[in-house]
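Can you build the whole structure from these sequences, using the hints too?
Those sequence lines, one after another, are chains A and B. Quick note: the first sequence uses my numbering, first residue 1, plus one each step. Quick note: the second sequence uses my numbering, first residue 1, plus one each step.
It should be emphasised that the hints constitute simulated quantities derived from the structure, not laboratory data. Predicted model, so just to flag it, every value in this text is computed and none were measured. Errors might be hidden in some of the hints.
[Said to hold, decoys possible] The following residues of chain B were derived to be distant from chain A, with all beta-carbon distances above 10 Å:
#1 R47
#2 N49
#3 R50
#4 I129
#5 D144
#6 Q152
#7 L154
#8 E188
#9 V209
#10 A284
#11 L335
#12 G422
#13 F443
#14 N446
[Stated by the list, open to error] Here are the simulated DSSO-like cross-link-like pairs (lysine-lysine), alpha carbons at most 27 Å apart as the crow flies:
#15 A:K392 / B:K150
#16 B:K463 / A:K212
#17 A:K233 / B:K387
[What the hints assert, rightly or not] Chain A regions said to be covered by chain B (calculated; three or more residues, Cβ under 8 Å):
#18 52-64
#19 347-356
Here a beta-carbon is modelled for each residue, glycine too, at the ideal position from N, C-alpha and C.
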Amino acid sequence: MNRVPLLFLNVVVIATCGLIYELLAGTLASYVLGDSVTQFSLIIGIYLSAMGVGSWLSGFLDKNLAKHFVEIELAVAILGGFSAPLLFFSFANVSYFNVILYGLVFGIGTLVGLEIPLLMRILKDELDFKKLVARVLALDYVGALVASLLFPIFLVPKLGLTRTSLVFGILNAGVGIWGTWLLENLIKKRDVNILRVKGFIIIALLAIAFIKADALTSLAEDNLFTDNIIYAKSSSYQRIVVTKGKTGYALFLNGNLQFNSFDEYRYHEALVHPAMLAAPGSPKRILVLGGGDGLAIREILKYPSVESVTLVDLDPAMTGLSAALPALAELNKNAFEDARVTIVNADAYVWLDNNQVESFDAAIVDFPDPNNFALGKLYTTRFYNLLKSKLKPNASVVIQCTSPLIARNSYWCIIKTLEAAGFSVKPYQTTVPSFGVWGYALAKTQPFDAPQAIPENLNLKFLNEKTFASMFEFSSDTSLPDEEIEINRLDNQALVRYYESEWRKFE
Amino acid sequence: MKFTRREILTAFLGLPFALAACRSDSADDFPDGEIVGANVNAGHLLRENRNAEVPIQNWETVKTAIVGGGVAGLSAAWKFQKENFNDYVLVELENKIGGTSQSGESKLIGYPWGAHYLPVPFRENAELIALLDEMNLTEGVNSDGEILVKEQFLCREPEERIFYKGRWYEGLYLSVGASETDKIQFAEFQRQIDYWVNWRDSKGRRAFVVPVANCSTDAEATALDKISFGDFLRQKGFTSERLLQYCDYACRDDYGLKLEQTSAWAGLFYFCSRVRESGDESQAFITFPEGNGRFVGHLHERVKDKTRLNTIALEIIPNEKTVDVVCLNTETNELKGFHCEKVVFCAPIFTANYLIRDFRQNPLEYVKEFQHNSWFVANLFLRDRPKTQFARDFPLAWDNVLYESPSLGYVNATHQKGIDYGECVLTYYYPMCAEENARAKLFGLNWRDLADICLTDLSRAHKDVYQLTERIDIMRWGHAMISPRPNFLWNGAREQANKPYRNIHFAHSDLSGIALFEEAFYHGLRAASEILKV
Numbered sequence: 001m002n003r004v005p006l007l008f009l010n011v012v013v014i015a016t017c018g019l020i021y022e023l024l025a026g027t028l029a030s031y032v033l034g035d036s037v038t039q040f041s042l043i044i045g046i047y048l049s050a051m052g053v054g055s056w057l058s059g060f061l062d063k064n065l066a067k068h069f070v071e072i073e074l075a076v077a078i079l080g081g082f083s084a085p086l087l088f089f090s091f092a093n094v095s096y097f098n099v100i101l102y103g104l105v106f107g108i109g110t111l112v113g114l115e116i117p118l119l120m121r122i123l124k125d126e127l128d129f130k131k132l133v134a135r136v137l138a139l140d141y142v143g144a145l146v147a148s149l150l151f152p153i154f155l156v157p158k159l160g161l162t163r164t165s166l167v168f169g170i171l172n173a174g175v176g177i178w179g180t181w182l183l184e185n186l187i188k189k190r191d192v193n194i195l196r197v198k199g200f201i202i203i204a205l206l207a208i209a210f211i212k213a214d215a216l217t218s219l220a221e222d223n224l225f226t227d228n229i230i231y232a233k234s235s236s237y238q239r240i241v242v243t244k245g246k247t248g249y250a251l252f253l254n255g256n257l258q259f260n261s262f263d264e265y266r267y268h269e270a271l272v273h274p275a276m277l278a279a280p281g282s283p284k285r286i287l288v289l290g291g292g293d294g295l296a297i298r299e300i301l302k303y304p305s306v307e308s309v310t311l312v313d314l315d316p317a318m319t320g321l322s323a324a325l326p327a328l329a330e331l332n333k334n335a336f337e338d339a340r341v342t343i344v345n346a347d348a349y350v351w352l353d354n355n356q357v358e359s360f361d362a363a364i365v366d367f368p369d370p371n372n373f374a375l376g377k378l379y380t381t382r383f384y385n386l387l388k389s390k391l392k393p394n395a396s397v398v399i400q401c402t403s404p405l406i407a408r409n410s411y412w413c414i415i416k417t418l419e420a421a422g423f424s425v426k427p428y429q430t431t432v433p434s435f436g437v438w439g440y441a442l443a444k445t446q447p448f449d450a451p452q453a454i455p456e457n458l459n460l461k462f463l464n465e466k467t468f469a470s471m472f473e474f475s476s477d478t479s480l481p482d483e484e485i486e487i488n489r490l491d492n493q494a495l496v497r498y499y500e501s502e503w504r505k506f507e
Numbered sequence: 001m002k003f004t005r006r007e008i009l010t011a012f013l014g015l016p017f018a019l020a021a022c023r024s025d026s027a028d029d030f031p032d033g034e035i036v037g038a039n040v041n042a043g044h045l046l047r048e049n050r051n052a053e054v055p056i057q058n059w060e061t062v063k064t065a066i067v068g069g070g071v072a073g074l075s076a077a078w079k080f081q082k083e084n085f086n087d088y089v090l091v092e093l094e095n096k097i098g099g100t101s102q103s104g105e106s107k108l109i110g111y112p113w114g115a116h117y118l119p120v121p122f123r124e125n126a127e128l129i130a131l132l133d134e135m136n137l138t139e140g141v142n143s144d145g146e147i148l149v150k151e152q153f154l155c156r157e158p159e160e161r162i163f164y165k166g167r168w169y170e171g172l173y174l175s176v177g178a179s180e181t182d183k184i185q186f187a188e189f190q191r192q193i194d195y196w197v198n199w200r201d202s203k204g205r206r207a208f209v210v211p212v213a214n215c216s217t218d219a220e221a222t223a224l225d226k227i228s229f230g231d232f233l234r235q236k237g238f239t240s241e242r243l244l245q246y247c248d249y250a251c252r253d254d255y256g257l258k259l260e261q262t263s264a265w266a267g268l269f270y271f272c273s274r275v276r277e278s279g280d281e282s283q284a285f286i287t288f289p290e291g292n293g294r295f296v297g298h299l300h301e302r303v304k305d306k307t308r309l310n311t312i313a314l315e316i317i318p319n320e321k322t323v324d325v326v327c328l329n330t331e332t333n334e335l336k337g338f339h340c341e342k343v344v345f346c347a348p349i350f351t352a353n354y355l356i357r358d359f360r361q362n363p364l365e366y367v368k369e370f371q372h373n374s375w376f377v378a379n380l381f382l383r384d385r386p387k388t389q390f391a392r393d394f395p396l397a398w399d400n401v402l403y404e405s406p407s408l409g410y411v412n413a414t415h416q417k418g419i420d421y422g423e424c425v426l427t428y429y430y431p432m433c434a435e436e437n438a439r440a441k442l443f444g445l446n447w448r449d450l451a452d453i454c455l456t457d458l459s460r461a462h463k464d465v466y467q468l469t470e471r472i473d474i475m476r477w478g479h480a481m482i483s484p485r486p487n488f489l490w491n492g493a494r495e496q497a498n499k500p501y502r503n504i505h506f507a508h509s510d511l512s513g514i515a516l517f518e519e520a521f522y523h524g525l526r527a528a529s530e531i532l533k534v
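Next comes the structure, spelled out in structure tokens:
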């Protein structure tokens with residue numbers, strides 16, 4: 001059998017794999033670090049120079065070329081194959097991510113740089129030099145083309161970064177094992193077997209990782225998010241992802257959008273100001289439940305009368321996000337550095353149940369949507385009764401209540417539940433392009449009139465007197481439905497069931 | 001006799017599972033812990049102190065002595081206190097009050113050692129409602145006069161889930177993958193329940209209601225006691241495995257007996273006594289992190305100054321018009337005597353033949369009808385919640401049942417408190433289900449054996465349970481609860497045992513034949529009232 005054409009096929013695969021690792025590193029770096037021009041330049045530069053180093057080093061290898069070639073294939077399979085999972089993991093967990101990134105790129109580059117010179121030397125006895133150089137280099141560039149087409153069109157959208165990396169690792173190891181057959185007569189018998197065992201172990205490891213890819217990182221996320229991921233971390237409570245796209249930054253908790261910087265002001269102005277203006281006199285003590293992004297606090301601190309803001313959010317990783325991401329701190333105007341702000345990391349339900357605190361003038365309740373039982377308890381009559389016990393007699397409360405358009409029963413279930421807990425409620429809604437039609441509830445423990453006027457000095461971008469009044473009107477497709485709406489209690493969690501059935505249609 | 005690990009796991013969890021478990025050795029992560037509770041060997045003390053003479057200065061005169069500090073004894077004392085009758089004493093042999101309703105407490109939360117919920121009583125059960133009112137658990141009544149229990153004390157959703165073939169599903173009845181036959185039979189089973197829920201005798205009494213004393217004595221209902229629940233279901237043509245499993249679970253959960261060992265009357269009692277009318281939901285559960293320990297704590301608080309812990313009654317001697325109680329303080333080893341007018345005997349009925357002098361000589365025949373089963377309960381202290389294996393798994397609930405396990409699974413103490421993240425305490429229940437020599441077998445095993453059974457069992461659903469469990473404490477209940485086997489409940493033995501003997505009144509859930517808080521409470525109050533009436 002003429003093994004030369006098969007060895008040429010190897011060249012194509014090797015070249016494809018090599019470029020894929022480079023593209024992976026570049027894409028991943030620009031996802032997490034931003035500034036894609038810089039990242040791609042740096043990665044390409046380091047990678048190419050490392051290949052040069054590899055080519056140069058090949059000159060020091062004299063004996064057992066075939067064995068070395070297979071070993072290098074296996075090494076590339078490990079380093080390249082595990083590169084994406086390793087980089088995602090280290091970004092979320094270590095502070096010297098850049099060192100790992102560039103070190104890994106350099107390592108892979110060096111090994112890839114060794115491949116072609118070695119293969120050419122192995123093939124030199126089969127062909128004359130002119131043909132050898134022409135074919136090997138031509139196929140090398142063909143491989144690059146294959147990679148550059150596959151990567152954006154198929155691999156990133158369909159497989160995601162982690163799985164792509166693992167698949168090409170497996171391919172690389174496959175080339176290595178295949179090499180032990182093609183080059184069998186050039187490798188010592190004993191070495192052949194050892195190399196094959198090593199090769200199959202590596203393939204097995206990569207295959208296991210491929211199957212478990214979702215557990216390693218949630219790179220199903222690559223399919224989920226259209227924009228670049230600039231921050232991804234799994235805290236004890238949730239998966240926090242921040243993306244950066246053309247329209248701005250977006251925060252996702254467990255894959256659910258929390259805000260997009262281009263229109264979050266609409267959401268947060270509508271959330272905070274009605275409650276602040278409905279509070280009696282000049283509100284001094286403000287309670288914020290949830291809202292660890294600090295954007296609601298930014299709006300609250302626009303009122304000079306505010307003396308203290310207590311923010312209760314479950315997740316320290318969330319309240320600490322502003323410190324990790326300068327872009328978020330800029331967006332919330334350094335809300336967490338204000339001396340008036342106190343952060344409590346606790347489950348709001350447990351905190352309200354266990355703590356005696358001085359009463360508040362206003363409470364801003366900004367929890368994620370009730371898509372599980374742990375969140376559902378934060379929308380129950382019991383929870384609202386606990387909250388009531390922490391409020392001054394005429395204090396105001398606002399609650400974010402999901403979309404009355406998409407989850408109409410869920411929205412009105414929250415309103416009914418507040419009423420059942422003894423609140424007088426003014427339901428209102430507005431439009432936030434990122435979310436759609438969004439609902440809130442303004443409530444007090446006694447009957448009241450919704451505020452009418454918006455003070456000039458607040459410098460609002462969205463709310464004005466006209467939009468303000470219109471928020472309290474509901475269209476026919478968002479108003480209270482005819483059917484009986486259950487009240488959400490701890491012992492029925494009716495809301496979670498409404499929410500599931502209503503949002504499921506959109507998943 | 002010492003058993004191997006494989007023998008123990010086979011006996012408790014079944015052979016295939018034991019073999020699988022024995023292949024994997026998880027000894028590295030084995031947590032700490034100990035056997036707790038029941039630190040008194042009552043039998044030994046009784047034998048050792050036979051005919052002990054109480055020094056004359058150690059005799060006290062008190063109108064009534066309550067022997068036994070479980071729910072029945074505490075309820076009797078509570079009743080005395082409410083009626084301003086203060087001349088009584090309550091003796092309890094353990095250093096902890098509450099019997100099988102006792103609880104423990106960690107830095108994080110209280111947790112149960114036994115009974116852990118109470119179904120909301122019907123409006124007719126006024127005395128129990130008075131207790132709930134006193135504990136400030138209620139907020140008025142609805143238009144039908146049924147009490148409304150405050151939301152935070154009603155079992156929070158999600159209430160139950162069941163683990164089957166690697167996944168968790170909502171509820172206790174396994175509805176996933178049910179065939180047409182399964183569905184038809186389940187609906188038919190509901191009709192059978194409905195029939196008995198709506199059934200009334202000529203006096204208007206229900207067949208099944210709490211307390212048992214108010215149940216109809218009509219033969220149509222009581223005849224159900226003559227067969228096992230398994231026989232009943234077969235006679236009605238039920239073959240659906242998941243339905244039988246569901247009913248078997250119900251029997252093991254409430255009675256510590258298997259389907260075939262449980263009286264059909266008792267089996268139906270479980271399903272019918274807490275449903276008002278057909279079509280109604282079963283009465284909601286009142287529960288607390290520490291389970292029924294909350295009730296024990298409240299009752300004890302009211303009667304604390306009359307309670308003597310670590311005090312074992314050695315002998316009860318009925319005299320012409322009085323009755324003497326000879327006790328031993330197990331801490332000080334001091335003998336103590338009470339000259340009483342009356343005694344409320346609130347210990348398990350079988351102990352009467354050991355404690356009451358007349359019965360020592362002429363043992364009561366019917367006592368042997370009262371059989372108890374053995375359980376062990378483990379409390380696992382976890383540093384974090386077990387990880388969800390599948391995104392679609394039904395989440396951690398209050399009660400978490402393993403379909404294929406002979407255990408009852410576990411309840412989560414932090415659930416009712418609204419603590420949904422981080423550390424938790426799980427209480428695991430294993431009923432010995434009337435096995436032969438169950439008691440000897442149970443007490444022959446040490447902490448490590450029992451902890452191994454518990455962790456191995458739980459690891460089928462939670463691979464990470466070894467890593468997460470920091471501590472596991474275990475309580476062994478030799479005489480956990482009365483067994484309502486066929487031909488016991490309505491064979492006349494209970495009727496005889498309910499009657500006072502001379503100046504001794506009996507009060508215990510044994511007398512109902514069904515070990516429920518409500519039954520113990522009922523008998524405690526009944527006995528106390530009998531005494532107060534005189």
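Now the hints, each set against the structure:
no.	hint	in the structure
1	R47	holds, 50 Å
2	N49	holds, 48 Å
3	R50	holds, 52 Å
4	I129	holds, 19 Å
5	D144	holds, 18 Å
6	Q152	violated, 5 Å
7	L154	violated, 4 Å
8	E188	holds, 27 Å
9	V209	holds, 23 Å
10	A284	violated, 6 Å
11	L335	holds, 47 Å
12	G422	violated, 7 Å
13	F443	holds, 39 Å
14	N446	holds, 35 Å
15	A:K392 / B:K150	holds, 23 Å
16	B:K463 / A:K212	holds, 16 Å
17	A:K233 / B:K387	holds, 17 Å
18	52-64	violated (count 0)
19	347-356	holds (count 4)
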